[in-house]
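Given the coordinates of chain Z, work out where chain D should sit on it, guided by the hints.
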Amino acid sequence: MKRLRVRHEARFTYQGNANASYNEARMLPRDCSGQQVLSSSLTITPHGPQFPYRDYWGTPVVGFEVLIPHSELCVIAESLVEVNRPLRLATRASWVEMRHEAEARCRLLEHMDQTARTDPTEEVAELARDIAASPRDPFDTAQAICEAIRDRIEYVPGVTGVGSTAKEAWVKGKGVCQDITHIALGALRAVGIPARYVSGYLHPEEQPEVGLTAQAESHAWLEWHSGSWMGFDPTNRIPVGDRHVLVARGRDYDDIAPVKGVYAGAEATELWVDVKITRES
Amino acid sequence: MSQLFANYGRSTDTGRTPAWDEMFAATGGGNEAEQVRPGYADLYEALSHMSQEELRGRADALASSYLAQGVTFDFAGEERPFPLDAIPRIVEASDWARIEAGVAQRVRALEAFLADVYGRQDAVRDGVIPAHVIVSAPGFLRQAAGIEPAGGVRVHVAGIDLIRDQHGDWRVLEDNVRVPSGVSYVISNREVMAQTLPELFARMSIRQVTDYPRKLAAALRASAPPGVEEPTVVVLTPGVFNSAYFEHTLLARLMGVELVEGRDLFCSGGFIWMRTTSGPQKVDVIYRRVDDDFLDPLQFRADSVLGAPGLLNVARAGNVTIANAIGNGVADDKLVYTYVPDLIRYFLHEEPVLPNVETWRLEDPGSLDYVLKNVRDLVVKPVDGSGGKGLVVGDRATPEQLEALKEKVSANPRGWIAQPIIQLSTIPTLVEGGMAPRHSDLRPFAVSGDGDVWVLPGGLTRVALPEGQLVVNSSQGGGSKDTWVVGTRAGEAPTPVVPQPSTRYPQAQGSIHPGHQLGQGDTFDDDDNRLRQQIEHQQQSLGKEA
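Protein chains in written order, with our numbering: chain Z, 304 to 584; chain D, 208 to 753.
Same shape as in the complex, but just chain Z:
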C-alpha cells in the first residue's frame, strides 16, 4: 500500500493572444478497484468556471473555459491517492466463456473493435494469431502478446508524435508507452481479447522512498478482460501495481487526451509539461 501525491502541470503558450477557449481536462485520478482518491483539484490560470462530470468511460472530466484574451494557459492537477493492489489470483476464463461474455455486453464488446489508432499491421495481427494458436488460455495469451510486442519495439522518445498510430509506430520499430500500448491493444483485439487503453502515472522508482519527490511523466498501459479486467504495463513488462495511479480509460488515446479544446486566436507555439510524484507513506 502506498500513498502518492501527484502534481501534473501543463502550460500552453500562444504567439499573441488566445480567447474564447473551451476545453476539457482528463488529469484527475479516479476511484477504482485498488485505488482511492483522498483529494484532488484542478487549478486553471487564467481562472474560470469549471464543470466537472464523468464521461461514458467513467473518467472524471473537468470542462473549463477561458473567455478573456490570454497569452498563456496553465492547468495544474494535484491529487493525493492511496494505492493498494495486492497480488491476487486472476480470474481465468476460457476462450469460449470470454467470447460469450463479451458478446452480451456493450461495455466489453466495444473494446474488441479496432480504432484508427490501434488498427494493427498484418504482421502484428499474424504475430498475435501465432501466439493465440498455441494451447494457452486468454490470460496467458494476452500476457505473451504484450511481451512479444514489447520485444519488437525499442523504447525511444521523440520518434513518434502524439497523433501517431499503431501502424506508424510498428513500421518505425520505435516509440514510447503510448505507441507500445496502441500496438498491444491492436494485437489483443486481433485475436478477440477485449482490451482498453489506460492513462495515468507511474512512480519511476521501484521502491519509492517516503518523502522524496520524483520527476515523472504521463504514462499509458492497458487492461484486458479474460474473465475480469487485468491491468498490465507492456512498456515495463509488469502487472499494474502500487506504483501506478490510474486516471482515465478508453478505446485509445483519443478517448483520454489529458487536455483537448478549441479556441480562437493564434496557434499555440509552446507546450510545457511537468509531472512530479511523491510517496507520502
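Please note that the accuracy of each hint is not assured.
Unchecked claim - Label-pair distances were calculated between CB atoms; the ranges are:
1. D/345 - Z/392: 38 to 48 Å
2. D/447 - Z/450: 55 to 65 Å
3. D/476 - Z/575: 36 to 46 Å
4. Z/432 - D/610: 25 to 35 Å
5. Z/579 - D/592: 43 to 53 Å
6. Z/437 - D/373: 56 to 66 Å
7. D/673 - Z/372: 55 to 65 Å
8. D/614 - Z/437: 32 to 42 Å
9. D/244 - Z/356: 55 to 65 Å
10. Z/440 - D/592: 37 to 47 Å
11. D/614 - Z/304: 22 to 32 Å
Claimed, not checked - Calculated pairs, DMTMM-like style, for lysine to aspartate or glutamate (alpha carbon to alpha carbon, straight line, at most 20 Å):
12. D/580 - D/565
13. Z/563 - D/239
14. Z/563 - D/500
These aren't lab readings, by the way, just hints derived from the structure by calculation.
Model, not experiment: these values are computed from the prediction.
The beta-carbon is built from N, C-alpha and C at its ideal position, and this holds for glycine as well.
This is chain D only, laid out in the frame that chain Z set:
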C-alpha cells in the same frame, strides 16, 4: 364519367403484384364512379365537373403562388417552385386512427430505447437487441451518455415514414428521430390547396394542420430545464445555404421565436447565450436543425462553425435543452429498425400497431449471400442514410452500380440492409399527359414535450413524379401532395385503435423502467453543413504519453 380520368391506368410495370391505388378499387373496366373508394367520393365528384384545362389552370396558379412565396427548392442549381400536386391524398378516419396510434407507439418505444441505451442497457442484457448492433451503430454517441434531458424527452419531433403495400396495409419504412424535416411543406401545402380546391374545403371535414407550430412551441417550452418559468426558445439553423432554410425561418416565425446561427450563440459560466442588440440573453431551449456532428466543436468536428463550443457541457449541467437530443441516431439506425417491433413489445408490453417492412439483416448467416444473388429484386440501403440517401433499387440500377454496391456491401455488411421492392401505393397525380397513378409514401410528424405524443393529423405525402419510380425523394424528381385526414361525420364515433398486449413481454413480468418517457428525426433533405473557418485551432493534446 370524368374526362380527367379517361386515360387513368395502372402503372405499366408488369410481372409484379399491382400497386394499391388509393382512389380506385380497380381500374380498366366497369363503371369508374363505382370503383371510387369512399374517402375519395367528394374529391371525385368535384373533379368530375372539371375539365383538364380547368384543373391545369388551378395547378398553374398554385405553382406561381409558391414561386411568389418563395416555397422553392434547388434543382440542379435552378430555383423551382416546390412541386405540389393539385390532387390531394385522402386518409379516412379509420386509417388515421391506426396511423396515429402506431406512430405514437413507435415514438414511445424509441424514447424508452434511447433512455435505456444511454443508461442501463437492459434491452441488451435481456437479449432483446444484440450488443454489437448498438456499439457498431454510427449514431451511438458516447458523448450523449450522462446528459439527462428535461422531462426525459429526447424525441421532441419525429417523422415516421410509412408506406402502403400491395394489400393497402400501412407499414413503417423508416424512423427519423434526429432532425426530421418537411413539416413546412405540410403547412404551406394546406394554405395553397385551400385556394386551389376551395369547394372541397367547404364540403368535406378536413382536419386542420395549423396547430403544428403551437404544439411544437408548447412542447419545446415544456422541455425547458426545470425551474425556468419563461423559457427562451430559439431555432438553430445551419444558415441560408441549407436546403431546409425555408422551413427553419417558417417555424421560427410561426412560433414567434428567434432564428439563430452558431455564431449568434456562445457559452459562458455554464449557460448558453444569444447575442442581441441589447446584450446577451440566456437561451433555455434550442430547437436545432444542425446535425450532431456539427453542434459542438469541443466534442465533435473541431472545424464546425455551425454550433457552439461548450454546448454539450451546458446541456450536461441541465442548463439548456437540445431538441432533438444528441445521439438519437442510434434509434433510427436501419439495423436497429429491424428490432423495433421487439423493442415495442419489451418496453411497452404492447404488440406493434404498424408492422415493419420485411428486412434482411446482412450479418445473419446466409443473408449476405442471398442478397448478393438476388440484388436485382431488392432495395439495398445504408443504415445511417435518411430520405433515400445512398439507396439502390436493384432492378433500376446499372450493372456497374450493382457491382459497386456488391463490393461496398460485402466489405461492410453491418452498414447495409435489404428489403423487397415494394410497389408503393399509387394516387392520381396530374402529369403532362393528364391524370396518372404515381407511387407515394407518407411522413406523419409527432411532437412531444411532456411525455404525451401528439401526431399531426396529416403529414407529408411525397410522390414520385416519373412513371413507375419508387423513390419519392425531391432530389430524385419527387413532388408532394397535401394530405387530408378526413374527420368522421357527425354522430359517427371514430373507433380508437388500442394496441394489443404483448404476449412475449407481458406487463407483469416486465421490469419497471423508470424514466422512460416520450420523445422524436430528418430526411426530406438532410441539413447540409459548412465547415468551421480556420480561425480556430485544436488545443494540442497535452504532450505525448511516455
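Checked against the structure, which of the hints given earlier come out wrong?
-> 3, 11 and 13
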